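Peer 1: Construct all of the structure, not just a fragment, from the sequences and the given hints.
For the protein sequence lines, the chains are C and U, in the order given. Under the UniProt record's numbering, the residue at position 651 of the first sequence is numbered 651, and the numbers go up by one with no gaps. Under the UniProt record's numbering, the residue at position 151 of the second sequence is numbered 151, and the numbers go up by one with no gaps.
Source of the hints: derived by calculation from the structure; they are not laboratory data. Keep in mind it's a predicted model, so treat the numbers as computed, not measured. The beta-carbon is built from N, C-alpha and C at its ideal position, and this holds for glycine as well. Be aware that one or more of the hints could be misleading.
Claimed, not checked - Quick list of the computed label-pair ranges, beta carbon to beta carbon:
1) C:Glu-483 x U:Val-98: 28 to 34 Å
2) C:Ala-480 x U:Gln-148: 51 to 57 Å
3) C:Glu-174 x U:Arg-153: 50 to 56 Å
4) U:His-18 x C:Ala-480: 31 to 37 Å
5) U:Glu-63 x C:Glu-174: 43 to 49 Å
6) U:Ala-62 x C:Asn-233: 51 to 57 Å
Stated by the list, open to error - Here are the computed lysine to aspartate or glutamate pairs in the DMTMM-like style, where the Cα-Cα straight-line distance is at most 25 Å:
7) U:Lys-20 x C:Asp-547
8) U:Lys-20 x C:Asp-397
9) U:Lys-34 x C:Asp-547
10) C:Lys-380 x U:Glu-136
11) C:Lys-194 x U:Glu-136
12) C:Lys-378 x C:Asp-397
13) U:Lys-19 x C:Asp-397
In case you want the letters, here they are:
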Amino acid sequence: MGCGTSVRSRSPAKKSERAIRAAVLIQRWYRCSVARLEMRRRCMLSIFQSIEYAEEQAQLQLATFFTFMLDQCSHPSSTGKDWISHLFHSSSESLKSSEAHELQEYSKVDVPDSYQGLRLSFPLAISDTNALLHAFKKQQHLHARYVVQLLHETKKFLKQLPNIIHLSTSNCKEITICGDLHGKLDDLLLIFYKNGLPSGENTYLFNGDFVDRGTNSIEILIILFAFLLVYPNNLHLNRGNHEDHIINLRYGFTKEVMLKYKSHGPIILQLLQDIYSWLPLATIIDSKVLVLHGGIADTTDLDFLSSIERNKFKSAVRPPRPRSESSHSGGGHRREVGPKMSHLNSHLHPRHTTPELTAAEHKEWKQVLNILWSDPRKQKGCSPNSFRGGGCYFGPDVTSKLLKKYNLKMLVRSHECKQEGYELCHDGKVITIFSASNYYEDGSNRGAYLKLRSDLVPRFVQYQVSKCTRKLTLHQRVSAAEEAALRSLREKLYAHRSELLAAFRKYDQEETGRISSSDWALAVESVLHLDLPWRTLRSRLVRVASDGSVEYLSSFEDLKMEQPIKQVQPNLVETLYRYKTDLKIIFNIIDKDHSGLISIEEFRQTWKLFSSHLQINIDDAAIDDLARSIDSNKDGSIDFNEFLEAFRVVQKFENKAIH
Amino acid sequence: MAELQEKDSAEALVAELHKKITEAFDVFDHENNKVVDVREIGTIIRSLGCCPSEGELHDMIAEVEDEEPTGYIRFEKFLPMMTRVLLERRYRPSTEDVLLRAFEVLDQNQKGFLTKEELIKYMTEEGEPFTQEEMEEMISAAVDPDKQVLHYRDYISTMVVEER
Numbered sequence: 001m002g003c004g005t006s007v008r009s010r011s012p013a014k015k016s017e018r019a020i021r022a023a024v025l026i027q028r029w030y031r032c033s034v035a036r037l038e039m040r041r042r043c044m045l046s047i048f049q050s051i052e053y054a055e056e057q058a059q060l061q062l063a064t065f066f067t068f069m070l071d072q073c074s075h076p077s078s079t080g081k082d083w084i085s086h087l088f089h090s091s092s093e094s095l096k097s098s099e100a101h102e103l104q105e106y107s108k109v110d111v112p113d114s115y116q117g118l119r120l121s122f123p124l125a126i127s128d129t130n131a132l133l134h135a136f137k138k139q140q141h142l143h144a145r146y147v148v149q150l151l152h153e154t155k156k157f158l159k160q161l162p163n164i165i166h167l168s169t170s171n172c173k174e175i176t177i178c179g180d181l182h183g184k185l186d187d188l189l190l191i192f193y194k195n196g197l198p199s200g201e202n203t204y205l206f207n208g209d210f211v212d213r214g215t216n217s218i219e220i221l222i223i224l225f226a227f228l229l230v231y232p233n234n235l236h237l238n239r240g241n242h243e244d245h246i247i248n249l250r251y252g253f254t255k256e257v258m259l260k261y262k263s264h265g266p267i268i269l270q271l272l273q274d275i276y277s278w279l280p281l282a283t284i285i286d287s288k289v290l291v292l293h294g295g296i297a298d299t300t301d302l303d304f305l306s307s308i309e310r311n312k313f314k315s316a317v318r319p320p321r322p323r324s325e326s327s328h329s330g331g332g333h334r335r336e337v338g339p340k341m342s343h344l345n346s347h348l349h350p351r352h353t354t355p356e357l358t359a360a361e362h363k364e365w366k367q368v369l370n371i372l373w374s375d376p377r378k379q380k381g382c383s384p385n386s387f388r389g390g391g392c393y394f395g396p397d398v399t400s401k402l403l404k405k406y407n408l409k410m411l412v413r414s415h416e417c418k419q420e421g422y423e424l425c426h427d428g429k430v431i432t433i434f435s436a437s438n439y440y441e442d443g444s445n446r447g448a449y450l451k452l453r454s455d456l457v458p459r460f461v462q463y464q465v466s467k468c469t470r471k472l473t474l475h476q477r478v479s480a481a482e483e484a485a486l487r488s489l490r491e492k493l494y495a496h497r498s499e500l501l502a503a504f505r506k507y508d509q510e511e512t513g514r515i516s517s518s519d520w521a522l523a524v525e526s527v528l529h530l531d532l533p534w535r536t537l538r539s540r541l542v543r544v545a546s547d548g549s550v551e552y553l554s555s556f557e558d559l560k561m562e563q564p565i566k567q568v569q570p571n572l573v574e575t576l577y578r579y580k581t582d583l584k585i586i587f588n589i590i591d592k593d594h595s596g597l598i599s600i601e602e603f604r605q606t607w608k609l610f611s612s613h614l615q616i617n618i619d620d621a622a623i624d625d626l627a628r629s630i631d632s633n634k635d636g637s638i639d640f641n642e643f644l645e646a647f648r649v650v651q652k653f654e655n656k657a658i659h
Numbered sequence: 001m002a003e004l005q006e007k008d009s010a011e012a013l014v015a016e017l018h019k020k021i022t023e024a025f026d027v028f029d030h031e032n033n034k035v036v037d038v039r040e041i042g043t044i045i046r047s048l049g050c051c052p053s054e055g056e057l058h059d060m061i062a063e064v065e066d067e068e069p070t071g072y073i074r075f076e077k078f079l080p081m082m083t084r085v086l087l088e089r090r091y092r093p094s095t096e097d098v099l100l101r102a103f104e105v106l107d108q109n110q111k112g113f114l115t116k117e118e119l120i121k122y123m124t125e126e127g128e129p130f131t132q133e134e135m136e137e138m139i140s141a142a143v144d145p146d147k148q149v150l151h152y153r154d155y156i157s158t159m160v161v162e163e164r
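Peer 2: Shown next as structure tokens:
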């Protein structure tokens with residue numbers, strides 16, 4: 001370069017240098033703001049996951065309450081005896097239906113002439129599956145008559161399948177494996193749209209968790225079962241941990257069926273219990289790829305799993321009913337407690353009181369529980385899954401050992417929501433595939449499915465169902481999902497208000513109403529045990545003073561209870577709120593005809609037992625007051641769903657914003 | 001006495017920073033084994049309020065990486081480096097004003113906006129260019145879909161509000 005040109009070009013050079021500096025500054029700032037957004041997204045997912053697992057734990061803890069109920073039942077002195085006897089004696093034996101009985105069941109269901117919807121004719125043909133897809137896209141329901149018959153046919157088909165299915169890619173071009181769908185019909189429809197319908201040339205394997213959470217679980221089951229009957233060699237199903245009637249009570253599927261099928265709900269639910277227990281437990285592709293819902297344990301024995309009577313496990317969260325009892329259930333001589341125990345066992349899952357369960361039966365149950373509930377971890381070894389409360393964590397060594405033992409190449413499992421819809425771990429030998437996009441909330445995660453050809457190299461396809469026509473920005477998606485996550489977290493805070501206040505006050509001896517952020521984080525974690533980044537979340541949950549200290553009372557300020565009764569003690573309200581879901585499940589079990597109503601006496605007795613089990617000190621008078629006040633029309637029965645729904649924490653300013 | 005108090009408060013500050021760093025690290029430490037993927041370390045550093053350039057970030061990572069890079073960063077190496085950076089208040093984010101001026105430099109005719117084409121040109125051809133993914137995300141977040149322009153003043157103020 002000559003010196004003459006340098007003078008002339010100084011100005012533009014300087015200008016472009018300024019532009020570069022400005023660009024770098026904007027790029028730095030933008031990357032920083034994206035990083036902060038990503039941190040918020042991660043925190044939000046942690047909140048959802050922690051709350052989800054805490055709920056699963058609560059579900060399993062509820063088992064100890066049922067055990068407690070049983071104990072009360074066998075003590076002659078107990079106050080609840082009459083009530084419990086009554087409860088168990090009226091156990092509806094009629095639901096224990098034989099094959100012939102079921103056959104009658106659906107022919108008994110009348111289809112009124114006014115029914116405009118879809119009618120199925122059996123044996124099903126492609127035209128029926130197409131018509132079903134069409135009808136469900138238009139949000140039509142299938143009449144109970146056909147649902148019952150479909151379920152009956154499905155059960156007959158599933159019964160003749162082995163516990164572990166063997167598939168070969170040589171019979172079909174490729175096999176598509178889908179993970180959890182959780183009642184999200186849009187995801188299933190999107191998969192079929194992108195990947196084609198199941199057919200002689202298009203083989204699918206659905207890896208469990210078809211139901212719960214989403215609003216279209218029954219439609220998903222109907223579609224899957226219909227395709228299963230039409231293409232038995234091209235559609236395959238593995239059982240998931242949500243194919244379990246006890247779990248369905250908590251996570252919404254029971255409610256969905258009762259809402260959609262009213263008086264026919266119980267028979268549908270009863271048939272599904274059987275179908276669940278007949279679903280295959282695992283699938284092996286080309287003798288190389290093991291596909292099952294949850295995972296494995298160091299004790300997992302595939303040969304043993306092939307040999308068990310899988311239909312014994314109506315629910316995997318409790319040991320099966322001892323053989324000695326079930327064989328007597330037809331009638332004849334019974335011990336006094338026997339039939340009561342047996343009825344309770346068939347509905348509930350006490351974990352300790354199974355004295356008749358042999359060591360072999362216990363082993364069978366553990367084997368099934370582990371493959372449905374376990375999660376992989378990076379750490380070596382195998383340990384109980386304390387977070388979920390069921391199954392175990394298995395390390396890469398456990399995976400290698402099992403793959404080696406059975407000469408397998410990899411393990412495909414589902415069971416955990418992954419942001420990208422799939423994830424590889426254990427050196428690529430374990431694949432998680434999850435097919436419910438927006439699982440926690442709109443925008444929380446993508447869904448994916450996996451395609452395997454004869455080379456057994458996994459090919460992933462990702463997608464995300466979007467309700468809006470205009471694509472939301474990452475920012476908007478995160479903000480919306482985050483709001484929902486924080487709302488559940490605020491509810492958790494409220495449900496533990498007294499404990500939290502006690503914990504905060506330990507750090508605030510002078511009662512200033514303020515504590516340091518550190519102390520606040522420690523106190524919250526010590527009460528909630530959710531293992532969340534409380535410091536990061538702090539400013540979203542409480543007011544932070546200018547000196548950085550936390551005004552701890554402010555997290556309860558915006559909340560109020562939609563409280564239907566005035567005379568109850570404040571701590572009774574909090575307790576009711578906290579155990580809302582547990583109580584709902586208990587009431588649902590008591591309410592055998594699913595009418596949504598239970599008697600005042602049942603309510604009183606349940607609540608007394610429950611509170612004494614939890615060792616909550618609330619005096620009987622308060623419970624009586626509560627019971628009386630709920631029965632507003634004084635007819636002696638209460639609508640518990642309505643009652644419990646009323647115990648909702650709402651955020652004052654949110655309400656204002658909406659109305 | 002005053003010296004002692006100063007020392008105490010400095011220690012308290014370090015302790016608080018340690019907790020903050022630990023918490024951010026743990027969010028990305030999926031297996032709870034005190035390591036994170038090296039590709040996520042930038043997000044951790046930036047989410048802690050540091051705005052290093054890509055080059056500076058690269059240097060920071062080089063400092064905490066093991067001698068034979070494993071693809072993972074260990075917490076014990078990350079903590080002292082990050083504590084020092086935060087204590088020395090390095091890589092502070094630009095203020096709103098500075099950011100606004102930067103946009104004004106790029107908006108050579110003082111239109112008050114950048115066209116989508118101008119934005120793409122500067123962000124992908126100058127400085128430390130955006131990847132295609134970064135560019136698409138910025139466009140979907142910032143560019144008015146009808147007029148295909150970025151009103152940077154509005155954009156900055158909404159971003160600042162959202163980040164609180």
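Peer 1: Run the structure past the numbered hints and jot down the numbers of the failing ones, going up.
Peer 2: Per hint list: 2, 8, 9, 10 and 13 violated.
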